[in-house]
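Asker: So you can see what is in the structure, the chains are spelled out below.
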Amino acid sequence: MSASRTIALSQLADIAGQANVSSAPARLAAYAIDGHTPSLAVRPGSAEEVAEIVKLAAREKLAVIPSGARTKLGIGRPPRSYDLALDMTRLDRVVAYDPQDLTLSVEAGIPLDRIAAELAAHRQFLPLAVPFADRATAGGTIASGVDSPLRQAYGTARDFVLGMEFVTGDGTAAKSGGRVVKNVSGYDLHKLMIGALGTLGVITRINFRTFPLPRMARTYAAVFRGASAACKFRHASAGSVLRLESLELLAAGGAGSGPLGETAGFPFEGDRWIAVVSVAGNDEVLERSRRELELLARGAGGSSLESFAEISGEGREKAATYIRDYPAAILRHAPSAAIFKISQLPTELEAFAERCKSLAMAWAVMMRGLGPTYLALLMRDVTKESIERLDSDRLGVFLPDERLPTFSLLFAPPEVKRDPNYRDASRRNLALLENLKKAFDPSGVLGPGRMRYEI
Amino acid sequence: MNSRLLHDLKKLLGPAGVLDQSEDLMLYEYDGSVELARPDCVVFPRQTQQVVEIVKLAVRHQIPIVGRGAGTGLSGGAIARQGGVVISFARLNRILAIDAENQRAIVQPGVVNSDLSAAVEHLGLHFAPDPSSQKACTIGGNVAENSGGPHTLAYGVTTNHVLALEIVLPTGELIRVGSAAMDAPGYDLTGVFVGSEGTFGLVTEITVKLTRLPEAVKTLLAVFDSVDDATETVAEITARGITPAACEMLDGWTIRAVEDYVHAGFPVDCAAILLMDVDGLREMVEAEAKDVAAVCAAHQAREVRVARDARERELLWKGRKNAFGAAGRLSTSYYTQDGVIPRTKLPVPLRRIGEIARKYNLQIGNVFHAGDGNLHPIILFDERNEQQFRDTVRAGDEILEFCIQMGGAITGEHGVGMEKDRLMPLLFSEADLALMRRVRDVFNPAGLLNPGKIFPTSKGCGEIYVRPQQTGAGPTASA
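Just so you know, the sequences run in chain order A and B. So for the first sequence, this note's numbering puts the first residue at 1; every next one is plus one. So for the second sequence, this note's numbering puts the first residue at 456; every next one is plus one.
Next comes chain B alone, as it looks inside the complex (with noise of 0.2 Å):
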């Protein structure tokens, strides 16, 4: 890397606002996907300001720029797939103003998810967006990949909760677009930047929207015996016009790995559960719960469980979140996609993912957001097998193909980033696509801005590099 930037990186960071030795930068080479890259700096601003002089400097020596968060993601968004500087928000993470009367509050992009709604619990609101990885991903992470989670089924996902942004653009001009009150005028440029994954613009403030706390919750557990059985459940839960707050599937062998690793009470000699969430009203949770458990009864569930206590509850959450690092355990590592299908075909993909794991010899476990039709296939592979690999690559290709066949999506919250940027033709026409690249050359034309993302390059999946170590095992990397 230039020399002559790196210096004046140091000159205006300081020595310890900068990281330039391999061994450091090898820590910042992935996410929590199976890509790898390594950047030629990590450096960490304290200030907007020092965004935008990083920003410039970088440009003037036609350097790619590469924001990250926590790193937590799970399609490659924050990796230096070009090299370049990588922009850590690491400590750019102070909460700037909390409004409760207008349900407001102003963080910086490093504010961890999870610590917003602990901020404004004792208010009565949270922040409703609630990745799996929210004990450790940031706010800004959440905006550039327009992150979902569990309870987006019935509160929306980042998007729906970000009213207004300040922006660092390549130019180094810093710029506001949205405001805190509702329908600010004219073209909505905030809408389009929430999941622009980095393509567009550094994002050093948000304005977010605070929900507030529902007055009950009750989560139900509903064990079945036939998968068949809980993926119509939830087809016949939708179509009634109940919306649980969440409803996640595991499959029998998610199950199992999870209760080897977390003992959260799932019976491990089921074929699947049903993880639900009802909430609001005191009276109407009453109801909804009753009417949730009778529809699960009505497909031979087994048995429904309603956690007695909020410690039940956390332990039953506690189960599903933890679903990935159970897999991590069993597993050197694993590969999770993120397709979505129309929820009332659930069964359907399901049984493609067994013919699929079958064909190539795979293990392939199963969580799914269910309620909204969100596939997260966890496909357990050994990286030093090199056959293994480019199978498991291939699988998980095949499993994203069919979800785009029965009419769905290939990524519902993880991002395109540079592990589906292949598929994206399979999804969008040629015009579609050049469409959004010549919108995200509006914001940044020299393509500076996380390049190699989204858009098909010319290269294929052998590209992939295999991490050394293992692959996302902690409990930050999970869905």
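Bound conformation, chain A alone (with noise of 0.2 Å):
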């Protein structure tokens, strides 16, 4: 170890105390990202330790980065230098809740399984059904951007998360929002913060509306010939009154996409698209939810309808976590898949679809209703020559977003990730963006390298 890592490490010591300090590599193995691994882990236990121990990044020029479980990491750009993983997993209390009034402060690190215990207590949730929910943490779950097939109902993070606190990389505390529902004052700087993978600051709590859980709610899957049917019925199931938790179109082919298949619980092949929607409300609700979604299906699929069908029991809980887990499922079979997040609107998904009938490689597709599209292509291993095949493949079914930003890889082996190919080709706003990482971070030590563009 260096002498300068050495100081830094006694400084660390002297902010979050000795034990809450490491330079061992077999415990800072755990924090690698891309395989960069820091050479130095600090889990300070308040927001004013985060805030010292951002000062002394600064100070020292040492690149920061925070992770809550660490189950999103992979998401971003592979950093650009990465000395200080900054772990913030004691920072785990809920502030406040008031169910009364339906809002929740949290610190960053808590688990989202105990904020949902916590909340069902008092027949509350919050609407992120987010991959690794098990594990993840509330501010990672916000820096990562993830988001949650109930956005159908009930929107994003952007939607619910009405404040926040956080430290700048000048290690500053600053906070926008605030803990109503709803309120102007002052610029929405929280909004910059989803997303953001700790980029502008490290999220120290989070102030969330929380909502009633619904009293009772059904699955339902409608099984299509042919991604046009299955697309004619999320526009008629989404263009009805009907009031849809949410709303996901699944498909999977080629060799080696079968597991896939009974990991969700539905025989997955290449033409086969599954329309997967939830409905909640009371008996009349659902009762007569079923029975139009059924006539929509009918309708939309004609002779192309394999079948119409209430899913429950362990049916409903497999299709539901395949959906809600979704990376983290295609990521257990196929550790080397490159997993795309495409933005298009709903009337795109039928042509987008048509296009993974192209694909050579094994492909796994999840489309949400309202558009956002995840495409996995399930590289079986990592060499020049599959990398050229994923380029190949990828380009026949989207191009790169020159214009506009369109699509992010989220999950992908490092060599792909630093692929020419995979750097961001819009460059839109990019001084416009450079400015503002500037204006939170002025000496570039949160993440360097980590956001689109490399910024």
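Distance condition first, Cα-Cα at most 25 Å in a straight line; then the derived DMTMM-like pairs of lysine to aspartate or glutamate:
hint, chain 1, residue 1, chain 2, residue 2
1, B, 800, A, 118
2, A, 232, B, 576
3, B, 590, B, 764
4, B, 511, B, 463
5, B, 800, A, 159
6, B, 664, A, 159
7, B, 590, B, 734
8, B, 745, A, 283
9, A, 55, B, 896
10, B, 664, A, 348
11, B, 664, A, 401
12, A, 232, B, 554
By construction, these hints were calculated from the structure, which means they are not laboratory data.
Please assemble the complex out of the two chains, which come individually in their own frames, going by the hints.
Answerer: So this is what it looks like as structure tokens:
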């Protein structure tokens, strides 16, 4: 270890306590991102300690990456440098929960399942059915910007995060928003923190609006032959007066995609598209929703509708877990998969699905009813040839986004992420974005290079 | 004002596109708040490119630029506090595209809020944010202020419905942020832009979400003999997990003022009413209306009336939406506050507002977006009485200070503007404000866009001028 690292280590120990600082390679390996392992890790116990640590990092020019349960560190560009892992898991308190007011304030490192348990006692929930929900923290979920199937009814974090506290790159504790459900006092800086991967600030506290748990919910699966019928069903049901809790279109194809079908509980094969839709409400609403959804499925599918049925029990659990956990479920089967998120309009889904037919490698797709689409290309190994194959396959489905940013590479082997073909093509508003980064992080110590355009 | 700039502006827009005579400018020196400042000129671009050219000219001459929609705002957002060029978006008022399948519309900033909903009604859609001024206010203004409205309780405020923007920066650069498709990758510039009160850039095009109209709506009027019973009803409706589409409260004084003016059918001898919408699927609406009525009854509601038809529903809502106009009939001027508190604590600030009214010997009426804890106390005053005006501003500040003490905020939907800037330090630390200033400087480094807004200046409230004409009595100035 270099002299400066030794000094940093002792200063970190002064801030967070010896027991919460580590420089042991075995411990540090757990914080690695895309092949970069930090040389130090620290677990602060308070927002004040976080501020002190970031101040130290800015002074010593140490690149800092905050993390929670480390389930989604694969999302983002490979860091340009990475010296200090800032483990937020000791900031795990519920700061305030007012069930009557449907508002909740938590520290960033709290696991989502603890929040869920606490809210469930009051028949409330956060509509964050996100990947790795059994381990993921609130802060990591928000900072990584992952979305949830429940967005169909409840929106995304942008719609129900009321305010935040965070530490900017100069070690200053700041906040925006508040704890009330309606508020336009000052700029909505917390919106910038969502999906920013900790590159603008280290989130220390998040204020949420909570929601009453629906009394009853049902899930239905409509199995279609061909994407066209499935997309027609999407348009008909999303355009109806029914209130859908979630709506996803699923498909997978190619050799090796079979096990995914077993996980999801659906027999995937190339041209079979499965619409999974959930509704909630009282008995009358549920009964009517079932009736109308079935009619819509028959109308959209005609003879291409293989089946329409409620899924319950184990089948429902499998489908819900597959959808919620999408990237995780894919990565378990295909650790080298490249998983893209594509931002597209609902009317663009059908043409996209048709293009998936041209894929040579095994693939899996999940389209949200609202448009955002996940495409996994199931690479088996990471070689120069397989990366080339991936690239030619990918270009058949969607093109580099030169004009408008339209896709992100979420999870992929570092070799793929570093491939020049996967650097973000669009440079839209680059100077502005760089200046924004500087306003929050003047010395560039927060996750340098991690954000889009390698900011 | 610089005659060269004026000459260039007239050359660009034609003589009909520029106002610079003082009798014309008087119409642009105020909005719906109690603030006042006269611009040096008002310009009316018809094309985006003209906005770009105006901005370049003004910046070259180092003259402040202030965007303005319909001027219905309630915090002085569209007032040229330091003079300069007001850019009126009144003529950039076209709906550029309606995409029913994807539930999107692209509009110019001068499109009137309710015109968009009217244009898509035949498709079974609407633009959900519904400020009470929606028949006059523009969507560009809604974006600048992140406006709310009664139905934002269930549907969310403006920011929840804006996906992409075209913006003219003070450099004259025309940029696009966000995309019509959800989840445009990268930092959420759209999210931070909405509600920036004209201090980041001038919006020239807005891509919004359209929302499906509900199959059924029921409007309930609950009448109470005690304000506490009404506020406790709201708390329990929220706590039971019922989310009405709207949940508004009017106190007895306001009810009587409204009834005198609109004849909405509100009982004039009660202490408070709750006006609530439940909407959605027929089956759900029936059940929720029953649940709501039961909660009202459990809290001693004297009467719960369900509007029988659309006509009665519209009349009841007309009563609510004209509450501010009704106040304007009773007083030469009034001052509306916009504090927010945790909604379960509603009874407490109401009592405090009563104390403050007695302390300053002022009449204060109360209209609340009760369901989301957004208070709109209306303080009546006579602007010819300077002491009373000062007391009014002081009373307003005390109400907002109390909201902050309760864990709330100083503005729920009207914006900070030049009205509440001095209160920002009560809510935000110097570090918070410094960061916000740095973010503003990223977009607007020379500070020429809407200067003197949001951030506290060294001047106190003595700077607020009293408007010579009656304040905001028209139907457009409301919340």
